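The whole structure should be built from the sequences, with the hints applied where relevant.
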Amino acid sequence: MEYSLPIRVRWDVDFQGRSGRAKRIARQIREASPLHVELRIEGEKGISEIPAIFTELHKCNPRIEVTAPLSPEAVAAARRGYPMMDFLWEVSARESFRRLLPSGADAISFVPGEENLAYLPDVLEEFADSETRTLHLPNINAVRALALKGHVPIPRPDRLREAGHRISALRIRLEGKKLVAHDYFLWRILRGAFPDEAAERVEFSGCQAASALAHVDWEGNVYPCDSLPIRLGNLQEATFEKIWNAPARSRIHEAIRSVPASCEPCEQREGCLSGCRGLAYYVSGTMDAPDPCCPEKPAPASK
Amino acid sequence: MIPKRNPEVVWRLEKGIHEMAWDKARKDEDYEDLGVLTLMIQGAIHQLNLVGAEIWTRINGVNSLEKISGEIASLFGWEKEETEEAVLGFLKGIEERGWVALAGKAGPATPKWKAH
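Residue numbers (this note's numbering), protein chains in the order written: chain A, 12 to 314; chain B, -10 to 105.
Fair warning: there could be bad hints in the mix.
[To be verified] In silico BS3-like cross-links for lysine-lysine, where the CA-CA straight-line distance does not exceed 30 Å:
{"#": "1", "chain 1": "B", "residue 1": "Lys16", "chain 2": "A", "residue 2": "Lys253"}
{"#": "2", "chain 1": "B", "residue 1": "Lys56", "chain 2": "B", "residue 2": "Lys81"}
{"#": "3", "chain 1": "A", "residue 1": "Lys253", "chain 2": "B", "residue 2": "Lys13"}
{"#": "4", "chain 1": "A", "residue 1": "Lys70", "chain 2": "B", "residue 2": "Lys(-7)"}
{"#": "5", "chain 1": "B", "residue 1": "Lys69", "chain 2": "B", "residue 2": "Lys13"}
{"#": "6", "chain 1": "A", "residue 1": "Lys253", "chain 2": "B", "residue 2": "Lys4"}
{"#": "7", "chain 1": "B", "residue 1": "Lys81", "chain 2": "B", "residue 2": "Lys13"}
{"#": "8", "chain 1": "A", "residue 1": "Lys253", "chain 2": "A", "residue 2": "Lys70"}
{"#": "9", "chain 1": "A", "residue 1": "Lys160", "chain 2": "A", "residue 2": "Lys56"}
{"#": "10", "chain 1": "A", "residue 1": "Lys34", "chain 2": "A", "residue 2": "Lys160"}
{"#": "11", "chain 1": "A", "residue 1": "Lys56", "chain 2": "A", "residue 2": "Lys253"}
{"#": "12", "chain 1": "B", "residue 1": "Lys16", "chain 2": "B", "residue 2": "Lys56"}
{"#": "13", "chain 1": "A", "residue 1": "Lys34", "chain 2": "A", "residue 2": "Lys253"}
{"#": "14", "chain 1": "A", "residue 1": "Lys70", "chain 2": "B", "residue 2": "Lys56"}
{"#": "15", "chain 1": "B", "residue 1": "Lys4", "chain 2": "A", "residue 2": "Lys34"}
{"#": "16", "chain 1": "B", "residue 1": "Lys16", "chain 2": "B", "residue 2": "Lys69"}
{"#": "17", "chain 1": "A", "residue 1": "Lys34", "chain 2": "A", "residue 2": "Lys56"}
{"#": "18", "chain 1": "B", "residue 1": "Lys(-7)", "chain 2": "B", "residue 2": "Lys56"}
{"#": "19", "chain 1": "B", "residue 1": "Lys56", "chain 2": "B", "residue 2": "Lys13"}
{"#": "20", "chain 1": "B", "residue 1": "Lys4", "chain 2": "A", "residue 2": "Lys70"}
{"#": "21", "chain 1": "A", "residue 1": "Lys34", "chain 2": "A", "residue 2": "Lys70"}
[To be verified] Anything over 10 Å on all C-beta distances counts as not near chain B; from chain A, calculated:
{"#": "22", "residue": "Glu101"}
{"#": "23", "residue": "Arg105"}
{"#": "24", "residue": "Ala118"}
{"#": "25", "residue": "Gly124"}
{"#": "26", "residue": "Glu137"}
{"#": "27", "residue": "Asp140"}
{"#": "28", "residue": "Arg170"}
{"#": "29", "residue": "Ile183"}
{"#": "30", "residue": "Ile241"}
{"#": "31", "residue": "Ala257"}
{"#": "32", "residue": "Ala259"}
{"#": "33", "residue": "Ser269"}
{"#": "34", "residue": "Pro276"}
Everything labelled a hint here was simulated from the structure, so no lab data went into it.
Since we're looking at a predicted model, the values are computed, not measured.
The beta carbon of each residue, even a glycine, is placed where N, CA and C say it ideally should be.
What follows is the structure in structure tokens.
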């Protein structure tokens, strides 16, 4: 499928108390007419921007999904009841989240990386006992991780396997619940353990970076995806259309469409579609490389 | 029969591609494979070609099947009866996907959206 502009935009609204001119960035995003906007709110700065962001974004009638911290301020913001805006509550491995969830919370989000993947079984157990219906497991946000830590904590295939063994041994029931795993290899593990709940990946049909998907950071910088830290432009300096129609984005799109040489003979390719090309690029410096989480290939040397 | 869109479907026209498809249609070139309108429902993404898009944008809960077919036939220079049959077939197809309800058929007055 071809798109004139991205249909899904992920926006990291704030970072360590900083954000750009949120209303201006929201207007630029709105002018791209995305069908789905995913907002990531880190703290009070981001929470304070929600009303202005909503005022702009709702003019193009997208579905809006807000991933927010489990804080009283964020819960209060969610209670205002913005139409077409769903809240996902970010949970960590450090503390139990059930007692912190607001009443009626429908979805939670946990980002499994190298440093916290071992806690995923615990998160699944608590999810099973909670009232929430959906657990989102997004990929690592490489743009944010680089800004915060200087590296991207990508889980190694052996750690994924270990987590898979522990997950398979869990004695939990997830009837009526849903697991949304962005990473293909993690999804495969979860589907093995919970075939109905992990279901089919209708939302993930291969890498959508630089085509259906775009990422915007807290300063308005545009990237093909939050896992592919190649800056394309800035929404405080240029329109989304101008950034998206520039040659840089097209070149990345073409590189993603081609199959990495090492994936070509692999029988699993029709399922994984070469996995996350952004993380492959981060680890190896080229998009002609396998996903670093792929268990079929030897792990490349990490940066 | 008056079709109504499922409000859970979000959609947009792909502007440059829509114009390109019309340009090809006027020149009698192949345009059927171009996706000119993108829809999203429950996370799944779909595209409609030029004809599908022109039908979809005319579904507003007021326009009847006859009115929509008449406009489509006029737009593309097709026979009216054949067009109505084709438009009905298209509407039934997207009704099965849960994108529209076809009010005016025998059955419940309130459209029941299918989970997709």
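Here is how each hint holds up against the structure:
no. : hint                     : result
1   : Lys16(B) with Lys253(A)  : 29 Å, holds
2   : Lys56(B) with Lys81(B)   : 17 Å, holds
3   : Lys253(A) with Lys13(B)  : 25 Å, holds
4   : Lys70(A) with Lys(-7)(B) : 22 Å, holds
5   : Lys69(B) with Lys13(B)   : 22 Å, holds
6   : Lys253(A) with Lys4(B)   : 14 Å, holds
7   : Lys81(B) with Lys13(B)   : 27 Å, holds
8   : Lys253(A) with Lys70(A)  : 21 Å, holds
9   : Lys160(A) with Lys56(A)  : 21 Å, holds
10  : Lys34(A) with Lys160(A)  : 28 Å, holds
11  : Lys56(A) with Lys253(A)  : 28 Å, holds
12  : Lys16(B) with Lys56(B)   : 26 Å, holds
13  : Lys34(A) with Lys253(A)  : 19 Å, holds
14  : Lys70(A) with Lys56(B)   : 29 Å, holds
15  : Lys4(B) with Lys34(A)    : 25 Å, holds
16  : Lys16(B) with Lys69(B)   : 22 Å, holds
17  : Lys34(A) with Lys56(A)   : 13 Å, holds
18  : Lys(-7)(B) with Lys56(B) : 14 Å, holds
19  : Lys56(B) with Lys13(B)   : 25 Å, holds
20  : Lys4(B) with Lys70(A)    : 18 Å, holds
21  : Lys34(A) with Lys70(A)   : 13 Å, holds
22  : Glu101                   : 19 Å, holds
23  : Arg105                   : 29 Å, holds
24  : Ala118                   : 12 Å, holds
25  : Gly124                   : 23 Å, holds
26  : Glu137                   : 24 Å, holds
27  : Asp140                   : 26 Å, holds
28  : Arg170                   : 28 Å, holds
29  : Ile183                   : 24 Å, holds
30  : Ile241                   : 23 Å, holds
31  : Ala257                   : 15 Å, holds
32  : Ala259                   : 18 Å, holds
33  : Ser269                   : 21 Å, holds
34  : Pro276                   : 30 Å, holds
Violated hints for the displayed structure: none, as all numbered hints are satisfied.
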